[in-house]
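Engineer: Residues per chain are reported as follows:
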Amino acid sequence: AQSVAQPEDQVNVAEGNPLTVKCTYSVSGNPYLFWYVQYPNRGLQFLLKYITGDNLVKGSYGFEAEFNKSQTSFHLKKPSALVSDSALYFCAVRDAGTYKYIFGTGTRLKVLA
Amino acid sequence: GAGVSQSPRYKVAKRGQDVALRCDPISGHVSLFWYQQALGQGPEFLTYFQNEAQLDKSGLPSDRFFAERPEGSVSTLKIQRTQQEDSAVYLCASSLQIYEQYFGPGTRLTVT
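Taken in order, these protein sequences are the chains called H and V. For the first sequence, the numbering used here gives the first residue as 524, with consecutive numbering after it. For the second sequence, the numbering used here gives the first residue as 10, with consecutive numbering after it.
Be aware that a few hints might be false.
As the list claims (entries may be wrong) - Here are the simulated EDC-like cross-link-like pairs (lysine to aspartate or glutamate), alpha carbons at most 16 Å apart as the crow flies: (1) V:Lys87 / V:Asp27; (2) H:Lys623 / V:Asp27; (3) H:Lys623 / V:Asp95; (4) H:Lys572 / V:Asp27.
To be verified - Here are the computed distance ranges between Cβ atoms for each label pair: (5) V:Ala29 / H:Asn540: 23 to 33 Å; (6) H:Lys581 / V:Gly25: 25 to 35 Å; (7) V:Val39 / H:Ser607: 30 to 40 Å; (8) H:Leu579 / V:Glu94: 24 to 34 Å.
As the list claims (entries may be wrong) - Simulated coverage check for chain H against chain V, where a stretch passes if three residues somewhere in it have a Cβ under 8 Å from a Cβ of chain V: (9) 555-568; (10) 579-587; (11) 618-625.
If you are wondering where the hints come from, they were derived from the structure by calculation, not from laboratory data. Keep in mind the model is a prediction, meaning the values are calculated, not measured. Glycine included, every Cβ here is placed at the ideal spot set by N, Cα and C.
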């Protein structure tokens, strides 16, 4: 069965520091991996995806994520955090053989000025 | 351009009532998904349409839940005989292929 784990409910980071939001997954086949962000009173927005190819993928707003097959991880990263990055981040996975997406429980990122 | 819209934005139903939630996807988007999001949780997959074909309904929690997309654009999620555990935000998302999804603002359903 597919599953996604976001082990941290909240991550605090100082503005200008690098940030990492963790995600691990479990699928039976090849994974399609995604990050979405939810700002207050706004819908979920797509950030980036890994389908195939380079393990390091770049997305919107300067975010990137690294696919690590051996560790079944897809951590979200940004070299220098902004206060405006404060939001709720969701990792999602889809087994390549299905249409069903599984979302994690979300990690609240708080960037402190 | 117009994004995904959902209506109503808020719905209060008495236990046992039927409700219908509407989703207007982005024009031309082939794929359409419905999710249920409980408070403090991530979205939970309900069903997937490719044009008018419902290709996966494995996430529908019971036979009280029914979704349709008869002309391959607008979709309706219907919940019959609502129960308190149905209270949640219902999200609709559409996509051109099946990768990045564009989410609507959601319908918050409260069953009293």
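Engineer: Now look at each hint and say whether the structure bears it out.
Structural biologist: Here is how each hint holds up against the structure:
{"no.": "1", "hint": "V:Lys87 / V:Asp27", "in the structure": "holds (7 Å)"}
{"no.": "2", "hint": "H:Lys623 / V:Asp27", "in the structure": "violated (26 Å)"}
{"no.": "3", "hint": "H:Lys623 / V:Asp95", "in the structure": "violated (20 Å)"}
{"no.": "4", "hint": "H:Lys572 / V:Asp27", "in the structure": "violated (37 Å)"}
{"no.": "5", "hint": "V:Ala29 / H:Asn540: 23 to 33 Å", "in the structure": "violated (47 Å)"}
{"no.": "6", "hint": "H:Lys581 / V:Gly25: 25 to 35 Å", "in the structure": "violated (50 Å)"}
{"no.": "7", "hint": "V:Val39 / H:Ser607: 30 to 40 Å", "in the structure": "holds (33 Å)"}
{"no.": "8", "hint": "H:Leu579 / V:Glu94: 24 to 34 Å", "in the structure": "violated (41 Å)"}
{"no.": "9", "hint": "555-568", "in the structure": "holds (count 7)"}
{"no.": "10", "hint": "579-587", "in the structure": "violated (count 0)"}
{"no.": "11", "hint": "618-625", "in the structure": "holds (count 5)"}
The structure fails hints 2, 3, 4, 5, 6, 8 and 10 (numbered hints given earlier, in ascending order).
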